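There are 2 protein chains.
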Amino acid sequence: MNDYSNQRGHISAQFSRELEGVQSELLNMGGLVESQIEKAVDATLEGDSFLAEEAIDLDTEVNAFERSIDEQCARILALRQPAAGDLRLVLAVIKVTTDLERIGDEAVKIGRQAILLSEGGAHDETGIKVRSIAMQVNTMLKSALDSFARLHTEGALSVILTEDDIDEAYLDAREWLVEFVEDQPDTLRASMSYLWILKSLERVGDHAANIAEQVIYLTRGLDVRHLDSAKVRDLVS
Amino acid sequence: MNDYSNQRGHISAQFSRELEGVQSELLNMGGLVESQIEKAVDATLEGDSFLAEEAIDLDTEVNAFERSIDEQCARILALRQPAAGDLRLVLAVIKVTTDLERIGDEAVKIGRQAILLSEGGAHDETGIKVRSIAMQVNTMLKSALDSFARLHTEGALSVILTEDDIDEAYLDAREWLVEFVEDQPDTLRASMSYLWILKSLERVGDHAANIAEQVIYLTRGLDVRHLDSAKVRDLVS
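Protein sequence lines, in the order shown, are assigned to chains A and B. Note that the first sequence covers residues 1 to 237 in our numbering. Note that the second sequence covers residues 1 to 237 in our numbering.
Do not take every clue at face value.
[Said to hold, decoys possible] Selected chain A positions facing chain B (in silico; Cβ < 7 Å):
(1) L77
(2) A78
(3) D167
(4) G221
Don't read these hints as lab results, they were simulated from the structure. Owing to the predicted nature of the structure, the values given are computational and were not obtained by experimental measurement. For glycine and all other residues, C-beta sits at the position ideal for the given N, C-alpha and C.
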């Protein structure tokens, strides 16, 4: 091996480490927003305003991850000029970071509504709806991040297919809640809090689906955004 | 001039054209979502479900822009390996496209609620609130796109400073609407539609501020996301 290829090998190993570094930081960020959402939902269900504050406070850390990951991606693009799969990975990381940051924002919104609910008006009936959708959304987010970590197309596809279920469950819960308020108008303010929480959970589901779309971009080179889920299944299967 | 520098000059002129091309496509996309939001809001205020459908249908075009711009950015990164300011521009375009696409999504949501309202229950009192916030948000979006087109730091800063006003106006309108429903419980369903429309407008304001933050990244090299607006003013002025 001559000096040049030796140096190339060295640079390339270093480059691989950088790519792995940014990927693993992204997954840490994913783990963080997952726990942020969990805390915010638990705070809602348990009427625990301290836990809600914890979820809200985590956002500083989430934002710092976003800045750091974007910076690393810009540095890799400037210094390493990645091509093909490596370039796609960096571009996917840039997109996914944005989605994770916005999931963090939704956790903050849920936390704020949890604090309002902890001050009075919480009702178990709606809590049950929130719990059920939150569980589905959490599973979806975990699967999306897992499919990103393992570059697993089928996992990503199943996340995309789940989005329709979440949307349906969300619309059902929303309709249920409107009828609940029509029956019991004095629950309006608390019901509004639940409504915002449900809305935030639905948004988290959207972001999880966006992450899964990036996985398919990485593994198949396909841009499946804005396609309906049946079409994505046909393309990917 | 030797052959090499001639060729370099040629490549560089071609590269400049590509960068300008993607920038101008982004601004066209911006113009499109601007008119999409305007149509959706007019549809709400005039109870015009055809206009609402038009706003909704425009989304296909918005999505096509997103795919095309992202593809061009990936191609530029792969083939031109831009550095420094050019790289920042491409990265900013990637971020801004995402925001514009999501503004398009909000226009669709407003359009859907406009259709519901056109079927009955619209009330002028809330229409006035919607109109006032929509006008502020439209101005904000136009200014954000304009500051991007002209790489104008002060314009971008003023957009970021406006976001707080929009948030305040939105929260006021939301509170006003809850009190309105408490007074007149039979307006609940229509009021919910207005609430979603107001929420969408507030999100458009957030996205406009995100675009303005990218302008400051481009002109000053500063990442001002997640800073409060007073801090941004101190940094930029």
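Evaluated hints:
1. For A/L77, the suggested interface contact is upheld, since its CB lies about 6 Å from the closest CB of chain B, less than 7 Å.
2. Interface hint at A/A78: satisfied, since its Cβ lies 6 Å from the closest Cβ of chain B, which is below the 7 Å cut-off.
3. Hint status for A/D167 relative to chain B: violated, with the closest Cβ pair at about 12 Å, above 7 Å.
4. Given hint, A/G221 at the interface with chain B, is violated; its Cβ is 10 Å from that chain's nearest Cβ, farther than 7 Å.
Hint compliance for this structure: hints 3 and 4 are broken, all remaining hints hold.
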